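Chemist: Chain by chain, the residues:
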Amino acid sequence: MVAEGALAAGCRFFAGYPITPASEIYEVMMRELPAHGGLALSAPDEISSLCYCVGASLRGLKAMTATSGPGWSLMIETVQYALMTETPVVIALVQRLGPSTGGATQGAQGDVGLAEFSTSGGYTIPIFAPSNASECYELTLHAFNWAERLRTPIVLLSDKEVGMTTEVVDGGTLEAAAPVERRIADDTATYAPYAFENPGDVPAFTVLGGDVKVTVTGSAHDRRGRLRKNAPEVVEVLLHLQHKIDAHAEAMARVRQDLDTDARCLLISYGVTARAARQALRALRAQGRAISFLQVQTLFPVPRQALDWALAGVESVFVAEENLTGQYRAALAPFLGGKRVHGINKIGSLITPGEIVRAVEGLMG
Amino acid sequence: MAETSYLAPDVPLPYCRGCGHALVVRHLSRALERLGLPPRSVALTTDIGCVGLADSLFPHLHTVHTTHGRSTAFATGMALAEAVLESKGPPAGLKPVVLIGDGGAMIGLLHLVHAAQLNVDVTVLVHNNFLFGMTGGQHSALTPLDFATATTPAGNSTPPLDLLALLRAAHAGFLARDYATSAGLETLIADAIQFPGFALVEILELCPTYGTRWNQLTGAALQEIAARQGYWIGKMEAGPERPTFLEVFRQDKETRKSEIENGDSKIEEGRTSGLDSRSSNFDFPSGELRVVVAGSAGERVQSAAALFCRAALSAGLYTTQKNDNPVTQGTGFSLSEICLSRQPIDFTGMESPDVVLVLSQDGWNELRANGTLARCRAETLLYLDSQLSDIPPCGPPAQAGRAVRLPFRREATPKGAALAALAAWLAQAAILPPGVWDAALTTLPARRQEEAARSIGIGGRLGAATRSQP
Chain F
1 MVAEGALAAG
11 CRFFAGYPIT
21 PASEIYEVMM
31 RELPAHGGLA
41 LSAPDEISSL
51 CYCVGASLRG
61 LKAMTATSGP
71 GWSLMIETVQ
81 YALMTETPVV
91 IALVQRLGPS
101 TGGATQGAQG
111 DVGLAEFSTS
121 GGYTIPIFAP
131 SNASECYELT
141 LHAFNWAERL
151 RTPIVLLSDK
161 EVGMTTEVVD
171 GGTLEAAAPV
181 ERRIADDTAT
191 YAPYAFENPG
201 DVPAFTVLGG
211 DVKVTVTGSA
221 HDRRGRLRKN
231 APEVVEVLLH
241 LQHKIDAHAE
251 AMARVRQDLD
261 TDARCLLISY
271 GVTARAARQA
281 LRALRAQGRA
291 ISFLQVQTLF
301 PVPRQALDWA
311 LAGVESVFVA
321 EENLTGQYRA
331 ALAPFLGGKR
341 VHGINKIGSL
351 ITPGEIVRAV
361 EGLMG
Chain Y
366 MAETSYLAPD
376 VPLPYCRGCG
386 HALVVRHLSR
396 ALERLGLPPR
406 SVALTTDIGC
416 VGLADSLFPH
426 LHTVHTTHGR
436 STAFATGMAL
446 AEAVLESKGP
456 PAGLKPVVLI
466 GDGGAMIGLL
476 HLVHAAQLNV
486 DVTVLVHNNF
496 LFGMTGGQHS
506 ALTPLDFATA
516 TTPAGNSTPP
526 LDLLALLRAA
536 HAGFLARDYA
546 TSAGLETLIA
556 DAIQFPGFAL
566 VEILELCPTY
576 GTRWNQLTGA
586 ALQEIAARQG
596 YWIGKMEAGP
606 ERPTFLEVFR
616 QDKETRKSEI
626 ENGDSKIEEG
636 RTSGLDSRSS
646 NFDFPSGELR
656 VVVAGSAGER
666 VQSAAALFCR
676 AALSAGLYTT
686 QKNDNPVTQG
696 TGFSLSEICL
706 SRQPIDFTGM
716 ESPDVVLVLS
726 QDGWNELRAN
736 GTLARCRAET
746 LLYLDSQLSD
756 IPPCGPPAQA
766 GRAVRLPFRR
776 EATPKGAALA
786 ALAAWLAQAA
796 ILPPGVWDAA
806 LTTLPARRQE
816 EAARSIGIGG
826 RLGAATRSQP
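Protein chains in written order, with this note's numbering: chain F, 1 to 365; chain Y, 366 to 835.
Certain hints may be false.
Some chain F residues close to chain Y (C-beta under 8 Å, calculated; not the full set) [claimed, not checked]:
1. Leu39
2. Thr105
3. Thr166
4. Gly209
5. Val216
6. Gly354
Distance ranges between label pairs, derived from CB positions [said to hold, decoys possible]:
7. Thr188(F) <-> Pro518(Y): 49 to 59 Å
8. Pro199(F) <-> Gly454(Y): 30 to 40 Å
9. Phe117(F) <-> Gln588(Y): 50 to 60 Å
The hints are simulated quantities; they were obtained by calculation from the structure and are not laboratory data. Computed from a prediction, not measured in an experiment: that's the story for all the values here. In this text, a Cβ means the ideal position worked out from N, Cα and C, and glycines have one as well.
Model the full structure from these sequences, guided by the hints.
Modeler: Here it is, written out as structure tokens:
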């Protein structure tokens with residue numbers, strides 16, 4: 001469904017390298033993309049995969065690759081290049097158990113920090129996290145649309161249990177967002193590749209190979225793409241890289257919320273664990289508990305408004321995620337306004353609805 | 366704008382006095398002028414290092430300044446995109462020209478190899494001055510034997526990589542090596558750029574800052590070094606001519622034409638108005654039904670589960686199928702956890718299974734190891750293959766009340782056992798309307814349908830016989 005979402009978004013270039021549990025996306029794209037007038041090919045490593053995608057994106061094609069944690073580790077250099085050069089690209093990161101080679105056929109949500117905090121300087125990489133096949137389709141489409149709108153790399157973060165589980169999808173219920181194309185510069189006479197007026201603006205794009213000279217660089221540069229040292233404009237450009245993400249944070253924010261105005265307790269989850277959390281929510285409510293639930297689909301930038309809304313009147317927050325230390329809980333902590341925060345964490349297998357129910361019962365009495 | 370002047374005429378070159386890089390950019394500029402290429406048809410792709418300063422010298426070319434060693438890979442991506450773009454309109458015919466040093470060639474070696482294999486239209490100029498100049502004169506994989514650098518003060522003892530020999534093995538169509546001082550370099554560069562596939566020119570230089578600092582070099586030092594390494598100078602004779610990536614792509618597209626014309630989205634075709642309309646005419650329990658089927662790798666456990674899920678789907682149910690197996694594909698256990706429901710399913714795991722089907726010892730061992738057996742309840746129904754002989758002393762879990770032993774493997778063969786077991790359970794439980802298997806079977810390739818139908822038939826008879834027993 002990630003591949004189907006990519007095709008619907010207008011993806012026409014894919015470069016991949018085999019890795020469990022992301023190989024199915026690679027295989028489907030190799031099979032389907034040519035029939036859609038695109039090109040899918042095998043790269044000799046994950047570094048090349050993403051470099052090929054960035055090169056193709058510079059020429060105006062919507063591009064994607066798919067990998068898992070070990071491959072993502074190799075891509076981080078090029079992710080930063082895409083961010084610095086404001087080149088749209090989508091990386092589907094299907095998590096597996098780490099560290100290192102870890103467990104290829106075991107799911108996990110352990111790459112949240114590795115994916116988000118992978119840039120020197122700590123720039124925000126937007127991350128969308130689907131919990132099921134339908135959301136894989138919908139959020140892949142959104143990932144492409146936002147990558148194009150914001151000219152930035154975007155991660156679609158799923159895991160083995162979302163990526164490799166087969167499930168029935170009711171096609172009639174799929175949200176169909178129209179594909180978004182990147183804004184092309186119309187004023188070619190004064191074109192500068194990284195031009196913006198307000199720091200939150202997204203520079204218009206011009207295709208590499210067209211009539212207007214394009215200057216691309218991963219080095220610190222001014223609006224014209226010229227390497228500069230100690231120039232105030234270089235810092236302005238760097239600040240703009242973050243501002244353009246921040247300025248669109250609320251527009252990018254996607255959550256599924258199930259709130260109870262009487263709730264003193266809020267359960268937060270994302271990705272595959274959100275499925276267990278939804279089931280746990282029903283069980284806890286069946287016990288007569290007033291409890292709210294927030295499934296975060298846009299992990300980063302953190303959806304602040306939705307979070308504030310869900311937090312109103314709440315005393316305790318539970319964050320359920322399949323990793324050791326509560327990576328997303330730590331990222332949310334600054335925005336939880338002094339609530340009591342509890343992690344529901346586990347590695348090695350799915351967090352079950354029963355485990356969430358027992359954790360909430362244990363602390364809430 | 367003097368668009369035909371490639372190298373900015375009035376800009377002082379940023380290189381140290383005597384650096385070969387200055388000669389190379391002049392040769393490159395003249396080569397481009399000689400070819401008469403419009404400036405916007407060239408993407409100068411520069412690597413990290415002194416060599417990477419060149420992008421600021423060509424004001425009218427597209428320039429892409431990249432990360433260390435990756436310039437070839439980015440350029441390959443640009444060239445690959447041409448294949449997609451040319452089917453949309455007039456081809457841009459963009460020529461990526463990569464400027465890279467010996468350090469970049471070392472760290473990005475695989476990118477060079479793959480670009481050569483693909484035969485993409487990328488031209489690479491390797492500025493080989495035997496060391497990392499920008500970082501202080503450290504040696505690289507291309508440093509000659511005995512050459513002294515900051516990191517090989519007594520002389521390099523590791524034999525250098527012969528790039529041309531290596532890339533020849535990768536089927537590169539155009540390979541050449543020359544000195545930066547050579548008058549013929551301009552022609553070599555022009556020929557390389559004009560070559561429709563992958564082309565690489567290795568240019569030998571001496572770094573005037575570090576190369577001369579630790580080595581006693583005479584005027585003919587470069588030639589002597591090249592001779593000592595046995596380096597080929599000039600254009601190397603290429604292997605048999607072979608198609609470029611673009612030509613291969615066009616050919617492939619031609620052969621897949623009908624497929625391309627029918628390449629509409631499967632999602633759009635598959636949009637329905639919900640699953641509920643067909644789901645009310647049979648006796649499926651309320652809530653979710655969770656089934657585990659476990660056996661051995663290679664015995665079609667997961668494909669049997671997939672067929673069963675399609676059968677349930679044809680009855681209008683939601684299903685999920687979560688598979689597990691060891692990292693090796695062909696040995697050990699293989700299992701599928703299936704969930705069925707009239708409503709969309711959230712949790713896909715197996716907190717407490719309703720039905721457990723075990724076809725082999727591998728499957729039994731895994732269910733014991735992963736805790737599934739311990740989570741069975743009194744209502745859990747166990748279907749065990751008759752050949753599972755050594756289940757005791759652990760035995761079927763005490764809390765699981767009902768265990769049925771049937772000869773799935775013997776009757777339906779090991780590869781048909783999982784399907785037979787699912788069919789046996791379905792025949793006994795009668796929770797899906799009759800005929801659901803028929804709908805599922807049509808989704809199999811023709812050669813598999815008959816065999817699968819046989820397994821289902823055997824399982825159905827085994828299950829019905831059990832049902833008729835008291």
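Chemist: Per the CB criterion, is Thr166(F) less than 8 Å away from chain Y?
Modeler: 4 Å, holds
Chemist: With a cut-off of 8 Å on the beta carbons, see whether Val216(F) makes it to chain Y.
Modeler: 4 Å, holds
Chemist: Identify whether the interface hint at Gly209(F) stands, where standing means a beta carbon of chain Y within less than 8 Å of its own.
Modeler: 4 Å, holds
Chemist: Does the Cβ-Cβ separation between Thr188(F) and Pro518(Y) fall within 49 to 59 Å?
Modeler: 54 Å, holds
Chemist: Given a hinted range of 30 to 40 Å, is it respected by the beta-carbon distance of Pro199(F) and Gly454(Y)?
Modeler: Taking Cβ atoms as reference, Pro199(F) and Gly454(Y) lie about 35 Å apart, which means the hint holds.
Chemist: Using the nearest Cβ pair, does Gly354(F) come within less than 8 Å of chain Y?
Modeler: Holds - the Cβ of Gly354(F) comes within 8 Å of chain Y, reaching about 6 Å at its closest.
Chemist: Does the Cβ-Cβ separation between Phe117(F) and Gln588(Y) fall within 50 to 60 Å?
Modeler: 52 Å, holds
Chemist: Quick check on Leu39(F) please, does its C-beta sit within 8 Å of some C-beta on chain Y?
Modeler: 5 Å, holds
Chemist: Does Thr105(F) hold up as a contact with chain Y if the rule is Cβ-Cβ below 8 Å?
Modeler: 6 Å, holds
Comparing the model with each numbered hint stated earlier shows that all of them hold.
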